[in-house]
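Visitor: Next come the chains, spelled out residue by residue.
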Amino acid sequence: MKKSFLRKNFEQIILVTLLLLYPAKLFASVMSSTNFAIYVDTVSVGGLRSTSTNFGLFDNLADVGGSPTSSTSTSYRVDSGFIASSPDPSITANLSTSNISLGTLSDSAVRTDSHTITVTTNSPTGYTTTMTTDGNLRDCCGHNITGVGDGSVSAGSNEYGIRTSGSEGQQNSSDIAPSASGFVIASASGPITSSQTTITFKAAMASAGLTPGSYSQSVTYTTVGNF
Amino acid sequence: MKTGPIVAAHIKMIRACLIFFVFVAVIFFSRPVYALTITPVVVRRDVKPGEVFMVSLQVRNDLNVSVSLSSEIKSISQSPSTNSVVIFSDTPSFHSAISWIKSPKDGIILEPGKTIPYPLSVRVPTAAEPGGWSAAALVSPKPLIATSEGAIQVQEKIATVLLFSVPGEVVVQERIKSFTTDKSWYMNLPVKFSLDYLNNGTVHTTPMTMITIRNWRGKIVSEIPVNQELRTVLPKNERVFIASWRMPFANDAFGLIKTLLVIPPAWGKMTASVTVGPSVDSQTATLTFWLIPIVPIVIALFIIFILLLWYRRALMRLRQSAPAEKDSER
Numbered sequence: 001m002k003k004s005f006l007r008k009n010f011e012q013i014i015l016v017t018l019l020l021l022y023p024a025k026l027f028a029s030v031m032s033s034t035n036f037a038i039y040v041d042t043v044s045v046g047g048l049r050s051t052s053t054n055f056g057l058f059d060n061l062a063d064v065g066g067s068p069t070s071s072t073s074t075s076y077r078v079d080s081g082f083i084a085s086s087p088d089p090s091i092t093a094n095l096s097t098s099n100i101s102l103g104t105l106s107d108s109a110v111r112t113d114s115h116t117i118t119v120t121t122n123s124p125t126g127y128t129t130t131m132t133t134d135g136n137l138r139d140c141c142g143h144n145i146t147g148v149g150d151g152s153v154s155a156g157s158n159e160y161g162i163r164t165s166g167s168e169g170q171q172n173s174s175d176i177a178p179s180a181s182g183f184v185i186a187s188a189s190g191p192i193t194s195s196q197t198t199i200t201f202k203a204a205m206a207s208a209g210l211t212p213g214s215y216s217q218s219v220t221y222t223t224v225g226n227f
Numbered sequence: 001m002k003t004g005p006i007v008a009a010h011i012k013m014i015r016a017c018l019i020f021f022v023f024v025a026v027i028f029f030s031r032p033v034y035a036l037t038i039t040p041v042v043v044r045r046d047v048k049p050g051e052v053f054m055v056s057l058q059v060r061n062d063l064n065v066s067v068s069l070s071s072e073i074k075s076i077s078q079s080p081s082t083n084s085v086v087i088f089s090d091t092p093s094f095h096s097a098i099s100w101i102k103s104p105k106d107g108i109i110l111e112p113g114k115t116i117p118y119p120l121s122v123r124v125p126t127a128a129e130p131g132g133w134s135a136a137a138l139v140s141p142k143p144l145i146a147t148s149e150g151a152i153q154v155q156e157k158i159a160t161v162l163l164f165s166v167p168g169e170v171v172v173q174e175r176i177k178s179f180t181t182d183k184s185w186y187m188n189l190p191v192k193f194s195l196d197y198l199n200n201g202t203v204h205t206t207p208m209t210m211i212t213i214r215n216w217r218g219k220i221v222s223e224i225p226v227n228q229e230l231r232t233v234l235p236k237n238e239r240v241f242i243a244s245w246r247m248p249f250a251n252d253a254f255g256l257i258k259t260l261l262v263i264p265p266a267w268g269k270m271t272a273s274v275t276v277g278p279s280v281d282s283q284t285a286t287l288t289f290w291l292i293p294i295v296p297i298v299i300a301l302f303i304i305f306i307l308l309l310w311y312r313r314a315l316m317r318l319r320q321s322a323p324a325e326k327d328s329e330r
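If you're matching them up, the sequences are chains A and B in order.
Be aware that the first sequence starts at 1, since it is given in my numbering, and climbs by one per residue.
Be aware that the second sequence starts at 1, since it is given in my numbering, and climbs by one per residue.
Hints were generated in silico from the structure; no laboratory data involved.
Some hints could be false.
Covered stretches of chain A (chain B as the covering partner; in silico rule of three or more C-beta atoms under 8 Å from a C-beta of chain B) [unchecked claim]:
| id | segment |
| --- | --- |
| 1 | 146-159 |
| 2 | 166-176 |
| 3 | 214-227 |
FRET-style restraints, in silico, Cβ to Cβ [stated by the list, open to error]:
| id | chain 1 | residue 1 | chain 2 | residue 2 | range |
| --- | --- | --- | --- | --- | --- |
| 4 | B | G50 | A | S173 | 21 to 31 Å |
| 5 | B | A8 | A | S108 | 39 to 49 Å |
| 6 | B | M54 | A | P212 | 49 to 59 Å |
| 7 | A | P191 | B | V298 | 51 to 61 Å |
| 8 | B | P225 | A | S173 | 26 to 36 Å |
| 9 | B | E111 | A | L6 | 52 to 62 Å |
| 10 | A | L6 | B | S279 | 51 to 61 Å |
What you are looking at is a predicted structure, and each value in this text was computed from that prediction instead of being measured.
Note that CB positions come from ideal geometry on N, CA and C, so glycine has one too.
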């Protein structure tokens with residue numbers, strides 16, 4: 001009796017099937033080590049990295065459906081192809097210290113203390129950090145230090161405010177009073193690594209009018225990816 | 001026996017030790033107090049009324065100490081300022097998904113250098129209206145116990161924005177609240193446009209449009225894309241988009257000087273227009289401004305003046321030399 005094609009070539013069919021499936025599993029996986037992760041890869045026939053002073057361009061050949069243009073509508077966008085793929089954007093925020101101490105205020109000088117927030121994100125639209133407070137800088141008994149209103153905390157006046165410094169700082173030009181409603185202290189419009197913004201807290205007092213004692217406040221920085 | 005060199009060696013050793021200790025102290029004590037990473041930054045998902053699902057965030061602790069995580073779900077809205085402010089609130093805003101989402105209980109311990117899934121459970125109400133819904137999940141190390149006297153306590157939170165779309169009959173209504181330039185006349189480019197856009201519908205929108213600039217004869221001289229970053233506007237929220245008409249070489253080396261010296265592609269009275277919304281319900285805004293490139297014009301006039309002067313002198317020399325030649329011929 002003649003053996004069927006399936007029976008006759010059973011071993012070869014199994015072998016070929018395994019050979020076909022194994023690379024598929026291999027190529028679909030995320031490759032990673034301690035220091036890097038390749039989140040997506042492709043088997044292609046060409047492509048290179050072209051650069052000029054202002055631009056860098058990655059391209060590849062033979063990527064079916066990999067048109068460099070996006071399909072868009074009012075509410076949606078589709079970036080197709082291998083080149084358009086990217087990992088889920090993440091955002092990291094580091095705060096150098098959680099406690100700001102302005103010490104003992106005097107009428108002869110502006111007391112300052114500062115700390116730094118460092119943000120890293122691969123989000124294509126960047127990030128924004130806002131600052132909010134739980135109320136005024138106050139003592140136990142309902143006395144407040146007035147938020148600065150003239151753009152500069154000056155010695156000899158009852159004033160309190162902050163100023164930022166750093167490329168992404170948004171309050172770099174004048175002192176501003178921290179408020180419960182909040183405002184932006186740092187932002188970037190694209191991916192950024194170790195974006196450092198220093199926030200300097202300042203307070204001063206007049207020779208009269210401020211009740212002696214300890215003044216305190218809680219401040220929250222919220223960092224969010226732009227969308 | 002000479003003791004001088006031995007003492008000097010001791011002093012050197014003590015100095016080296018001090019430098020080493022300062023170095024070690026700087027390394028170990030300047031570590032950030034909070035260092036969390038959250039993934040993803042924005043979650044966009046189509047959902048159906050009555051659907052129940054999980055959104056898995058990833059949180060990593062980048063410190064060398066364990067932290068206790070806490071989280072909260074907030075309503076979000078956008079501020080009509082130029083930067084991308086998101087306002088977080090406990091009060092539900094229009095189409096807020098704040099009540100749909102439950103975050104894990106506070107107190108999850110995250111070991112140093114570890115990443116953990118941070119699942120949010122979402123239950124879409126069966127009566128959820130079609131359209132765009134939103135909320136934000138704010139994750140932070142355990143809140144501070146109390147504000148100590150005489151100090152300002154600072155806490156860091158990182159947020160993931162959640163944008164859900166419920167299918168059905170939705171309203172798409174895009175409006176222009178204002179369309180302005182920062183000046184009414186310019187000596188040269190760039191011209192900065194500001195488009196205050198209102199999403200008056202019920203869906204999230206990503207307005208992508210062009211500002212069309214025409215010269216005094218009505219000819220299109222430039223088209224400036226708006227919102228190339230593909231930013232989203234929440235329903236019943238407004239956002240300001242900034243776009244600039246600039247020279248193509250504005251970002252090159254010496255671009256500022258070139259921009260000042262080179263005459264722009266068009267000048268005189270300009271008209272800029274922008275349209276938002278679908279063609280069946282679109283809105284167009286128009287403005288005019290003047291572009292008078294004074295510096296290149298003054299330079300050009302000066303060169304013309306010098307050339308005329310040179311021509312006049314050359315002509316006079318020619319006239320003076322002509323009688324002299326005639327005299328010599330005689």
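Visitor: Kindly indicate which numbered hints from before are broken by the structure, ordering the numbers from low to high.
Guide: Hints 1, 2, 4, 7 not satisfied by this model.
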